[in-house]
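Chemist: Take a look at the letters that make up each chain.
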Amino acid sequence: MDRRKALKKAGLIAGATITMPSMFSLLQSCKNESRLDWKPLFFTDIEAKTVALLIDMILPKTDTPGGLDVKADIFIDKVIAKSYDEEEQKKMRSDITEFNAGCKDKKGDIFIDLKESDRIEILKEAEASSGKYNPGVWGTHVGEQEPIGFYRSLKSMAIWAYFTSEEVGKNVLSYDPIPGVFEPCKPLSEVGNRWSL
Amino acid sequence: MANFNIDAKRNRTYDAIVIGSGISGGWAAKELCEKGLKTLVLERGPIVEHVVDYPTMNLDPWDMELRGGLTPEEKKKHYKNIRSGWVGKDTEHFWADDEANPYTEKKPFLWLRGHQMGGKSLLWGKQTYRWSDIDFEANAKDGHGVDWPIRYKDIEPWYTYVEKFAGISGEALGLPQLPDSHFLPPMELNCVEKYVKERIEKNFAGRNMTIGRVAHLTKPMNGRGQCQYRNRCSRGCPFGAYFSSNAVTLPAANATGNLTIRPYSIAQEVIYDDKRGKATGVRIIDAETSEVLEYSARVIFVNASALSTAHILMKSTSNRFENGLGNDSGELGHNLMDHTYRVGAMGKVEGFEDKYYKGRRPNGIYIPRYVNIDENSKSDKFVRGFGFQGAGYRGGNAANIESFGAEFKDSILKPGPWEFFLTGFAECLPYHENKITLNRDVLDKWGQPTLTIDAEFKENEKALNKQIQEDAVEMLTKAGLKDVMGFDKEHPPGYGVHEMGTARMGRDPKTSVLNKFNQIHAVKNVFVTDGACMTSSSCVNPSLTYMALTARAADYAVSELKKFNI
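Keeping their order, the protein sequence lines are chains A and B.
1 is the number of the first residue of the first sequence in the working numbering; add one for each residue after it.
198 is the number of the first residue of the second sequence in the working numbering; add one for each residue after it.
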């Protein structure tokens with residue numbers, strides 16, 4: 001049995017716990033020695049770097065700020081620490097571990113230690129294989145919702161963190177806290193980017 | 198606004214007591230105070246003074262630590278409310294504490310409550326529609342439930358009366374099944390909504406799409422500002438643009454000098470004097486001190502919300518009324534109704550990629566009922582009918598786009614695809630067996646018996662929902678939408694937050710609790726004018742009807758007091 005399958009199986013048996021030796025050695029194998037410049041509330045060093053790298057690849061800096069410029073990683077860490085219950089936190093932890101196990105299985109190393117072309121391949125495959133969110137009506141999804149994997153749910157959180165950051169919300173998106181009027185049919189060119197609120 | 202008189206210590210005797218300060222309680226307080234009655238409003242939660250006590254009204258997402266997210270403790274406090282999909286950090290403080298105020302669901306039922314001054318009038322959807330004779334005659338015609346003791350002509354002047362003060366915006370259509378209100382200018386449809394409207398109306402004779410009729414001001418009125426299109430209504434509106442007790446009726450009541458409002462006052466029972474044959478007051482528990490106190494009055498309005506009103510009456514026992522005040526019929530707590538919710542269809546609209554809008558309109562479209570309104574529209578699958586709400590907007594979910602990186606990021610800064618949805622609201626029949634009962638095994642934080650709710654939608658509601666979904670899919674498909682998807686969340690009752698019927702009006706004291714003036718048949722100085730009084734549920738939103746019935750009942754109560762009849 002390969003390591004990925006072993007991890008999956010162990011995950012099933014042990015619920016969401018990740019304290020098995022194989023997992024520990026997996027994490028120890030990290031070659032990336034750089035230190036974070038912030039102290040996560042929830043993530044381990046490697047988890048934080050994994051999430052940060054994912055955010056940077058999904059929402060890189062261009063002529064507008066990137067996800068890391070608006071500290072999307074730090075905000076996501078805070079949300080998991082302060083908003084998730086224990087079960088949800090365990091799930092997040094095992095999801096990242098499983099994601100890294102998949103990287104190791106397919107490309108020979110955990111995500112942050114892969115070369116860029118391999119990381120891009122991993123993300124492309126994740127895009128193609130992970131479930132999609134059903135549309136919502138009045139605050140809840142409708143229809144039969146397929147499971148959303150780690151990659152897409154993290155992507156969704158990253159976009160949320162990005163759009164709701166003050167920098168993007170006020171200066172990149174179109175910001176108008178008190179519109180005062182309703183203009184029902186306006187040329188998009190007169191608004192520009194999507195409304196932030 | 199002037200400070201409220203909350204000093205109910207010196208004075209324990211009033212002309213009138215109103216239990217509850219939500220949509221109907223606020224109207225009762227205003228009408229009774231304006232007619233000169235010294236009125237005590239008993240509110241089980243804190244004072245929420247207009248503007249002053251709207252702590253989140255101007256917060257942007259980044260102003261909140263978790264940008265609207267809740268902590269596990271907050272989620273636990275709202276473990277039932279949260280199922281609605283409506284509870285976030287911006288409104289959390291206006292939703293009742295589910296842990297302190299438990300209820301038991303014999304069958305699934307979501308009971309959403311707002312335990313503060315203004316109640317759910319701070320949180321409501323503001324959709325306001327007159328009922329018609331199709332509604333008031335429905336029970337008599339098809340034999341479900343009992344006949345309403347009133348008809349449209351009885352309530353019509355009172356609709357006009359409350360609309361002129363509340364401020365209702367909308368478009369007049371002249372439809373018999375959905376009478377026009379006294380309207381402020383309507384809000385506008387956006388270009389995609391106009392596109393869908395044209396195609397639905399062209400393809401389906403007898404179906405109309407209009408802008409939602411809403412209790413939002415579209416021009417200033419009585420010192421209140423008009424809607425600023427922020428769509429942050431449920432946090433409390435600093436402009437007073439939408440109707441709430443806090444912004445509209447309670448300040449008017451307060452201006453008379455006749456209002457006292459006592460916060461943290463949980464009504465326990467209406468006190469009945471067996472000798473005098475009338476109610477003499479209300480016993481409360483102070484929510485903060487647990488002190489038990491009594492207040493007396495000549496007339497009592499019970500406006501605690503449909504379930505709580507019936508709960509209070511069920512706990513109000515005496516030699517004369519062993520099974521609850523005014524419950525000679527055995528109908529108290531029965532006939533619980535709500536509208537079905539989140540069933541319909543949605544799809545994408547192409548061809549408007551270069552169009553957008555400005556302003557967050559707190560309103561959508563409405564398609565009035567078109568089935569079972571005459572011989573031609575008669576269905577052989579169900580009785581009664583449904584209407585649709587909906588909206589067109591630029592939505593989409595950026596996370597679903599199979600892409601990442603620089604180009605992806607720049608693309609999602611632009612608005613997503615146009616989407617459009619229709620969601621139906623079906624009328625629910627009054628079933629005697631859909632009921633609430635006192636639960637003496639599960640006690641609330643103050644040691645008081647709670648409610649067990651035992652209600653469900655049945656075959657007729659399921660048939661209506663099936664038709665709703667089929668019709669919605671058909672309308673959107675024929676209108677040319679893409680990726681049309683029908684949906685039915687199969688929500689149990691409660692999600693519509695239109696609880697009705699637990700102390701119904703009727704002609705016969707043997708089968709109903711209230712008479713045609715919302716008076717308890719056998720206790721003439723007690724009135725119920727919230728959702729509990731409703732004899733049927735119509736398919737349109739009920740709040741405007743509560744307002745009108747309340748103003749009408751208050752007028753009658755005062756005239757009866759003057760004649761010494763009560």
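Mixed in with the good hints there might be a few duds.
Heads up, simulated SDA-like pairs for lysine to any residue below, C-alpha to C-alpha not over 25 angstroms straight-line [as the list claims (entries may be wrong)]:
#1 B/Lys663 with B/Asp257
#2 B/Lys394 with B/Gln666
#3 B/Lys545 with A/Gly131
#4 B/Lys545 with A/Glu146
#5 B/Lys675 with B/Glu604
#6 A/Lys61 with B/Gly593
#7 A/Lys106 with B/Ile598
#8 B/Lys632 with B/Pro689
#9 A/Lys78 with B/Asp257
#10 B/Lys272 with A/Tyr84
#11 B/Lys659 with A/Lys61
#12 A/Lys170 with B/Glu604
#13 A/Lys170 with A/Lys186
Label-pair distances were calculated between CB atoms; the ranges are [unchecked claim]:
#14 A/Glu144 with B/Asn762: 25 to 31 angstroms
#15 A/Asp37 with B/Glu488: 54 to 60 angstroms
#16 A/Lys186 with B/Asp680: 23 to 29 angstroms
#17 A/Thr140 with B/Arg517: 34 to 40 angstroms
#18 A/Leu41 with B/His629: 53 to 59 angstroms
Anything over 12 angstroms on all C-beta distances counts as not near chain B; from chain A, calculated [unchecked claim]:
#19 Trp38
#20 Lys39
#21 Asp45
#22 Lys78
#23 Glu98
#24 Leu114
#25 Asp118
#26 Lys132
#27 Glu166
#28 Ile178
#29 Glu190
To be clear, the hints were calculated from the coordinates, so they are not data collected in a lab.
For glycine and all other residues, C-beta sits at the position ideal for the given N, C-alpha and C.
Chemist: Decide, hint by hint, whether the structure agrees.
Modeler: A quick look at each hint next to the structure:
| no. | hint | verdict |
| --- | --- | --- |
| 1 | B/Lys663 with B/Asp257 | violated, 40 angstroms |
| 2 | B/Lys394 with B/Gln666 | holds, 18 angstroms |
| 3 | B/Lys545 with A/Gly131 | holds, 20 angstroms |
| 4 | B/Lys545 with A/Glu146 | holds, 20 angstroms |
| 5 | B/Lys675 with B/Glu604 | violated, 35 angstroms |
| 6 | A/Lys61 with B/Gly593 | holds, 23 angstroms |
| 7 | A/Lys106 with B/Ile598 | holds, 24 angstroms |
| 8 | B/Lys632 with B/Pro689 | holds, 14 angstroms |
| 9 | A/Lys78 with B/Asp257 | holds, 18 angstroms |
| 10 | B/Lys272 with A/Tyr84 | holds, 10 angstroms |
| 11 | B/Lys659 with A/Lys61 | violated, 51 angstroms |
| 12 | A/Lys170 with B/Glu604 | holds, 21 angstroms |
| 13 | A/Lys170 with A/Lys186 | holds, 21 angstroms |
| 14 | A/Glu144 with B/Asn762: 25 to 31 angstroms | violated, 60 angstroms |
| 15 | A/Asp37 with B/Glu488: 54 to 60 angstroms | holds, 56 angstroms |
| 16 | A/Lys186 with B/Asp680: 23 to 29 angstroms | holds, 25 angstroms |
| 17 | A/Thr140 with B/Arg517: 34 to 40 angstroms | violated, 47 angstroms |
| 18 | A/Leu41 with B/His629: 53 to 59 angstroms | holds, 54 angstroms |
| 19 | Trp38 | holds, 16 angstroms |
| 20 | Lys39 | holds, 17 angstroms |
| 21 | Asp45 | holds, 23 angstroms |
| 22 | Lys78 | violated, 7 angstroms |
| 23 | Glu98 | holds, 19 angstroms |
| 24 | Leu114 | holds, 15 angstroms |
| 25 | Asp118 | holds, 15 angstroms |
| 26 | Lys132 | violated, 4 angstroms |
| 27 | Glu166 | violated, 4 angstroms |
| 28 | Ile178 | violated, 5 angstroms |
| 29 | Glu190 | violated, 8 angstroms |
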